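Participant: Each protein sequence line maps, in turn, to chains A and B.
For the first sequence, my numbering assigns the number 95 to the initial residue and increments by one for each residue that follows.
For the second sequence, my numbering assigns the number 95 to the initial residue and increments by one for each residue that follows.
To be clear, the hints were calculated from the coordinates, so they are not data collected in a lab.
Please note: incorrect hints may appear among the correct ones.
Put simply, identical chains are the same to the list, so a pair is met inside one copy or across any two.
What the hints assert, rightly or not - Calculated cross-link-like contacts (lysine-lysine; reagent style BS3-like; alpha-carbon spacing at most 25 Å):
no.	residue 1	residue 2
1	466	404
2	167	192
3	338	427
4	508	150
5	415	149
6	532	561
7	532	462
8	150	192
9	137	149
10	570	494
11	390	507
12	404	313
13	137	150
Values in this document were obtained by computation on a predicted structure and should not be read as measured data.
Here are the chains, one letter per residue:
There are 2 protein chains.
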Amino acid sequence: MKNKKSNFSEWYSEVIQEAELADIRYNVKGFLAHMPWSVRTMKNMYCIVERELEKKGHEPAWFPALIPESYFKKEAEHAEGFSADVFWVTEGGSDNTKFSERLALRPTSETAMYSMFSLWIRTWRDLPYKIYQSCQVWRFEGKSTRPFIRGREFYWTEAHDVFETKEEAEKQVEEDRDTTCNVLKEFAIPFIFFKRPEHDKFKGAVSTYAADSIMPDGKIIQLPSTHFLGQNFSKAFNIKFVDKKGDEKYAWQTCYGPAVWRIFGTLVAIHGDDKGLILPPSIAPLVAVIIPIYFKGSDEKVMEKANAIKKLLESRCISAKVDDRAEHTPGWKYNYWELKGVPIRIEVGPKDIEKKQLVLVRRDTGEKAAIKESELVEKITKFSEEIQSNLAKRAEKFFKEHISEANDMAQLKKILEEQGGLVKVEWCGSEECADYIKAETVGGDIRGTPLGKEEKPKGNCIWCGNKAEQAVYVGKAY
Amino acid sequence: MKNKKSNFSEWYSEVIQEAELADIRYNVKGFLAHMPWSVRTMKNMYCIVERELEKKGHEPAWFPALIPESYFKKEAEHAEGFSADVFWVTEGGSDNTKFSERLALRPTSETAMYSMFSLWIRTWRDLPYKIYQSCQVWRFEGKSTRPFIRGREFYWTEAHDVFETKEEAEKQVEEDRDTTCNVLKEFAIPFIFFKRPEHDKFKGAVSTYAADSIMPDGKIIQLPSTHFLGQNFSKAFNIKFVDKKGDEKYAWQTCYGPAVWRIFGTLVAIHGDDKGLILPPSIAPLVAVIIPIYFKGSDEKVMEKANAIKKLLESRCISAKVDDRAEHTPGWKYNYWELKGVPIRIEVGPKDIEKKQLVLVRRDTGEKAAIKESELVEKITKFSEEIQSNLAKRAEKFFKEHISEANDMAQLKKILEEQGGLVKVEWCGSEECADYIKAETVGGDIRGTPLGKEEKPKGNCIWCGNKAEQAVYVGKAY
Numbered sequence: 095m096k097n098k099k100s101n102f103s104e105w106y107s108e109v110i111q112e113a114e115l116a117d118i119r120y121n122v123k124g125f126l127a128h129m130p131w132s133v134r135t136m137k138n139m140y141c142i143v144e145r146e147l148e149k150k151g152h153e154p155a156w157f158p159a160l161i162p163e164s165y166f167k168k169e170a171e172h173a174e175g176f177s178a179d180v181f182w183v184t185e186g187g188s189d190n191t192k193f194s195e196r197l198a199l200r201p202t203s204e205t206a207m208y209s210m211f212s213l214w215i216r217t218w219r220d221l222p223y224k225i226y227q228s229c230q231v232w233r234f235e236g237k238s239t240r241p242f243i244r245g246r247e248f249y250w251t252e253a254h255d256v257f258e259t260k261e262e263a264e265k266q267v268e269e270d271r272d273t274t275c276n277v278l279k280e281f282a283i284p285f286i287f288f289k290r291p292e293h294d295k296f297k298g299a300v301s302t303y304a305a306d307s308i309m310p311d312g313k314i315i316q317l318p319s320t321h322f323l324g325q326n327f328s329k330a331f332n333i334k335f336v337d338k339k340g341d342e343k344y345a346w347q348t349c350y351g352p353a354v355w356r357i358f359g360t361l362v363a364i365h366g367d368d369k370g371l372i373l374p375p376s377i378a379p380l381v382a383v384i385i386p387i388y389f390k391g392s393d394e395k396v397m398e399k400a401n402a403i404k405k406l407l408e409s410r411c412i413s414a415k416v417d418d419r420a421e422h423t424p425g426w427k428y429n430y431w432e433l434k435g436v437p438i439r440i441e442v443g444p445k446d447i448e449k450k451q452l453v454l455v456r457r458d459t460g461e462k463a464a465i466k467e468s469e470l471v472e473k474i475t476k477f478s479e480e481i482q483s484n485l486a487k488r489a490e491k492f493f494k495e496h497i498s499e500a501n502d503m504a505q506l507k508k509i510l511e512e513q514g515g516l517v518k519v520e521w522c523g524s525e526e527c528a529d530y531i532k533a534e535t536v537g538g539d540i541r542g543t544p545l546g547k548e549e550k551p552k553g554n555c556i557w558c559g560n561k562a563e564q565a566v567y568v569g570k571a572y
Numbered sequence: 095m096k097n098k099k100s101n102f103s104e105w106y107s108e109v110i111q112e113a114e115l116a117d118i119r120y121n122v123k124g125f126l127a128h129m130p131w132s133v134r135t136m137k138n139m140y141c142i143v144e145r146e147l148e149k150k151g152h153e154p155a156w157f158p159a160l161i162p163e164s165y166f167k168k169e170a171e172h173a174e175g176f177s178a179d180v181f182w183v184t185e186g187g188s189d190n191t192k193f194s195e196r197l198a199l200r201p202t203s204e205t206a207m208y209s210m211f212s213l214w215i216r217t218w219r220d221l222p223y224k225i226y227q228s229c230q231v232w233r234f235e236g237k238s239t240r241p242f243i244r245g246r247e248f249y250w251t252e253a254h255d256v257f258e259t260k261e262e263a264e265k266q267v268e269e270d271r272d273t274t275c276n277v278l279k280e281f282a283i284p285f286i287f288f289k290r291p292e293h294d295k296f297k298g299a300v301s302t303y304a305a306d307s308i309m310p311d312g313k314i315i316q317l318p319s320t321h322f323l324g325q326n327f328s329k330a331f332n333i334k335f336v337d338k339k340g341d342e343k344y345a346w347q348t349c350y351g352p353a354v355w356r357i358f359g360t361l362v363a364i365h366g367d368d369k370g371l372i373l374p375p376s377i378a379p380l381v382a383v384i385i386p387i388y389f390k391g392s393d394e395k396v397m398e399k400a401n402a403i404k405k406l407l408e409s410r411c412i413s414a415k416v417d418d419r420a421e422h423t424p425g426w427k428y429n430y431w432e433l434k435g436v437p438i439r440i441e442v443g444p445k446d447i448e449k450k451q452l453v454l455v456r457r458d459t460g461e462k463a464a465i466k467e468s469e470l471v472e473k474i475t476k477f478s479e480e481i482q483s484n485l486a487k488r489a490e491k492f493f494k495e496h497i498s499e500a501n502d503m504a505q506l507k508k509i510l511e512e513q514g515g516l517v518k519v520e521w522c523g524s525e526e527c528a529d530y531i532k533a534e535t536v537g538g539d540i541r542g543t544p545l546g547k548e549e550k551p552k553g554n555c556i557w558c559g560n561k562a563e564q565a566v567y568v569g570k571a572y
C-alpha cells in the first residue's frame with residue numbers, strides 16, 4: 095500500500111482497487127463498475143440520507159432519466175450552464191429511427207420534475223411540496239475523472255421543494271444545512287457550509303450554498319449543495335398556485351443535492367490509512383469480523399464458538415461475519431479485513447475459549463483488548479461508539495489544522511502551495527479579482543462566506559486593494 | 095370509479111391516476127413520472143426482493159447504464175434479440191461531439207456485467223459468484239405502453255450468477271423459483287412457474303423459465319423470469335476459471351429478473367376494487383390511517399387521542415398517520431384513503447373516547463369493528479394478518495377459476511374468448527403449430543410446462559393431430 099500522506103493520489107487509486115470498491119476498467123470513460131463492498135456501504139449511506147429527508151417532510155418520487163430537449167431548454171441560464179454536460183439520446187429501435195427531438199440523459203432533474211410540478215400544484219393547499227429522488231445522473235465531464243470524486247455517471251439524491259413565499263424557501267436553505275450537518279456527522283466528515291459567490295452559482299439559481307470539506311492532500315471537495323431558485327424556474331415552467339386570497343402567484347423553489355457517491359469517496363480518503371479503508375461503524379457493511387484461530391484438533395470447537403458469536407451479535411442488530419476460509423491463515427485474514435475497513439476484529443482461539451475470553455482489535459487505533467466473553471455485546475457497542483467519535487475527532491483535527499488566514503497574496507500563495515486547505519482572505523466581491531486570484535494561485539477558488547457566520551471584513555481586497563466587501567475562504571478544489 | 099369487472103382497462107387507468115400512482119403526461123412516450131404513493135410502496139417491495147436475494151447469497155452491485163455497442167454485440171443471438179429495443183446515445187458535450195462508438199442505454203445488463211466478470215473470475219475459489227443490481231432499464235418498445243405493465247423505462251432487479259458446473263447453474267433456476275414464490279407470496283400474487291417453449295426463450299439463453307399470473311381481464315402477465323444461460327455468454331465474454339484440478343474451464347451462468355415495477359402493476363390490478371387500490375399490509379406505506387371525528391368543542395381531545403394512537407402504533411413498528419386536514423369531512427377522508435388502499439382505518443370520535451373504544455374498518459371487506467382501546471395493537475396485528483391472507487385467498491380463487499383445459503381448438507378458442515386465463519392443451523412441440531394456434535386464437539401463446547410438475551401428454555397435438563410431446567398451457571398475454 096502506498097503511503098497516504100506522501101502520495102495521496104496513488105494511495106487513493108490503490109485503496110479503490112485493493113479494497114474492491116470499484117473497477118475502472120469498464121470500457122466507457124468516467125463510468126465505473128461498482129463492487130459489493132462499496133455498494134453495501136453506499137446503500138447504508140442512502141438510508142441515512144433518505145431517513146433525514148423524510149423526517150423533514152420529503153416524500154420519494156421517481157422521474158424519467160430522459161428529458162426532451164425542449165423541457166431542458168426552458169430555463170435559459172440553466173440550459174446554457176448544463177449544455178456542455180449532456181449525453182444525448184438521438185436514435186433507437188431496429189431501424190435506428192432518428193428522433194425528431196433529442197433526449198437528454200438527465201444531468202440533474204429540475205427540468206424533468208418542474209414540467210410535472212406545473213400540472214400538480216394548484217393551490218396553497220398543495221404547498222409546501224417537498225419530494226426527493228435517489229438516482230443516477232450523467233454528465234459529459236470534460237475534466238479528468240476519478241472514482242467517487244468526479245465521474246460521467248454518479249449516484250446522488252436530489253430534493254426539490256416548492257413554497258408559497260420567498261421566506262419559506264429561504265428557510266429551506268437553513269433546513270438543508272441542518273440536514274447536511276446531521277448526515278455528514280454520521281459519516282464523521284467535517285465541513286463548512288458556504289454561501290457561494292455570485293459568479294459560482296448553480297446555473298438558474300438566485301443563490302447557491304454548499305458544504306466544503308478538505309481532502310488529505312489539502313484540496314477542497316464540494317459535498318451537498320443547496321440552491322435558492324427564487325421564481326426563476328417557476329416562471330419558466332409555469333408553476334403557479336392560487337393563494338389564500340384567491341390570487342394566482344408564481345411559486346418559490348429550492349433544490350438540494352447530496353451525492354452519496356462523492357461523500358463515499360470523501361470518507362474513503364479522509365478516514366483511511368496505510369493499511370486501507372477505515373469505515374465508520376454507522377455505515378460499515380460489517381461492524382465486526384470474527385476470525386477463528388485453528389490449531390489441530392480444536393477446529394470444531396473454535397468454529398462453533400465463532401458461529402455462536404455471530405448469531406449473538408446479529409440478534410442484537412450488530413452485523414458480523416465469520417471468515418471461515420480454510421485456504422488462508424489468520425494473519426492473511428487480518429490484513430484482508432483491515433484493508434476492507436471493518437471497524438472491529440474478533441479473534442477466537444482455543445485458549446480464549448478455555449479462558450472464556452475473546453480478543454477484540456480496533457481498526458482505527460490497532461488497540462487490542464482481551465475481554466470476558468460475557469461482555470461481548472456491551473464492549474462491541476462501546477468500541478463502535480469510540481471508533482465513530484475517534485474518526486470524527488481525527489478528521490476534525492486535520493480539518494481545523496487546514497483552516498488558516500492570509501493578509502496578502504504572497505502569504506495566500508505560500509499556504510495554498512504548502513498545505514492547501516481553506517484560507518480566509520478579504521475580497522472586494524468582483525469576479526475580475528476572483529479570476530486574478532485564481533490565476534495567481536494556480537487554482538485557488540473563492541469558496542464563499544460561511545452561512546450564518548459571516549464575518550465583517552476589516553481591510554482591503556487581497557488582490558485590488560480596494561475596500562473589502564466580504565471575508566471569504568479560498569481553496570483549490572477537486 | 096369505473097367498474098373493474100366490466101371495464102378493467104379503464105378502471106386500471108383511472109386508479110393509476112386517481113390514487114396518484116403515476117402521471118402519464120410526461121412528454122416522452124412510455125416514460126412515467128412516479129408519485130410518492132407508488133414509490134413508497136415499490137421501495138417496500140424492493141426491500142423484500144433484495145432481502146430474499148441476499149439471504150440466498152447474492153451481493154449488491156451497480157453497473158453502468160451505458161454499454162458500448164461492441165460489448166452489446168458480443169453474444170450474437172442476444173444482440174439480435176435486443177437490437178430493436180435499444181435507445182442509443184450518440185453524442186454529447188457542448189459541441190455535440192459524435193461518439194466513435196454508439197452507447198446503448200442498458201435494456202438489460204448481461205453485456206455490461208459479463209465484460210467485467212471475465213476480469214474478476216479467476217479460479218474455482220471465486221465461484222459461485224452471485225450478484226444483483228436494482229436499477230432502471232430502457233427498452234424502445236414498439237408495442238403500446240401501459241403504466242407499470244409495459245413501458246420504455248422500468249424498474250427492476252437483475253441477479254446474475256456464475257458457477258463451476260452445469261448442475262449448479264440448473265439448481266439455481268430452482269432457487270430462483272423459490273425466490274419468486276417467497277416474494278410473490280408477500281404480495282399475495284398467485285402464479286405458475288413455467289418452462290417456456292424453445293421458440294420463446296430469452297435471447298442468448300439455453301432455457302427460460304417465468305412466473306405467469308392472470309390479470310382481472312383474463313390476460314396473462316409475465317412476472318419474474320430466470321434464464322439458464324449455459325456457456326453461451328461465458329464463451330462470448332471469455333469468463334473462464336481454473337478448476338480444482340488446475341484446468342481452465344468456461345463458467346456456467348444464470349440470470350434472473352424480478353421487475354418490482356411490473357409486479358406493482360399486477361398487484362394494483364389483482365387486489366383493487368371499485369373503490370380503488372387495496373394494498374397488502376406487507377408493503378403498504380401506511381398500515382393504518384387515523385381519522386379524527388370532530389364535533390364542536392371536542393377537537394382537542396380527539397386530536398390528542400389520534401396522535402397518541404399514532405405514536406403507540408409507530409412504537410410497535412406499525413406505520414400510521416393522522417389525517418388532520420381541517421378542510422375535509424371525515425366522509426371525504428374515508429373515500430380518499432380507500433382509494434389509496436390503506437389496509438385499516440381507525441376512527442376516533444368523542445363518544446369513542448368516552449367509551450374507551452375505537453372503530454376499525456378493514457379496507458378489503460369493509461368490515462367495521464368497535465374494539466377496546468387497550469386491545470388496539472393486538473387487533474391491528476390480527477387484522478393485518480387477516481387482510482393479507484384474505485387478499486391471497488381471493489386472488490388464488492380467481493386464479494384457479496381461470497385455469498382450465500381444452501381438448502380441441504374450438505373449445506380452446508371459446509375459453510380464451512369468454513374467460514381467458516390459462517388453458518391446458520396437448521402439443522406436438524413444433525413452432526409451426528404454436529404459430530397456427532396463436533393465429534387461430536387471436537393471440538393465444540404457448541406459455542410452457544410448469545417447472546417440476548410436468549404432466550405427461552396422453553393424446554395428440556391440438557393443432558396438427560400428431561402425437562403430443564408436452565402438456566402445455568395457452569393464454570393471451572400482455
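Participant: Next step is simple, just say for each hint if it's right about the structure.
Facilitator: Here is how each hint holds up against the structure:
no. : hint      : verdict
1   : 466 - 404 : within (16 Å within a copy, 42 Å between copies)
2   : 167 - 192 : both (20 Å within a copy, 21 Å between copies)
3   : 338 - 427 : between (66 Å within a copy, 22 Å between copies)
4   : 508 - 150 : neither (43 Å within a copy, 57 Å between copies)
5   : 415 - 149 : between (32 Å within a copy, 14 Å between copies)
6   : 532 - 561 : within (19 Å within a copy, 84 Å between copies)
7   : 532 - 462 : neither (48 Å within a copy, 71 Å between copies)
8   : 150 - 192 : neither (44 Å within a copy, 43 Å between copies)
9   : 137 - 149 : both (18 Å within a copy, 17 Å between copies)
10  : 570 - 494 : within (16 Å within a copy, 68 Å between copies)
11  : 390 - 507 : neither (63 Å within a copy, 72 Å between copies)
12  : 404 - 313 : neither (41 Å within a copy, 48 Å between copies)
13  : 137 - 150 : both (20 Å within a copy, 19 Å between copies)
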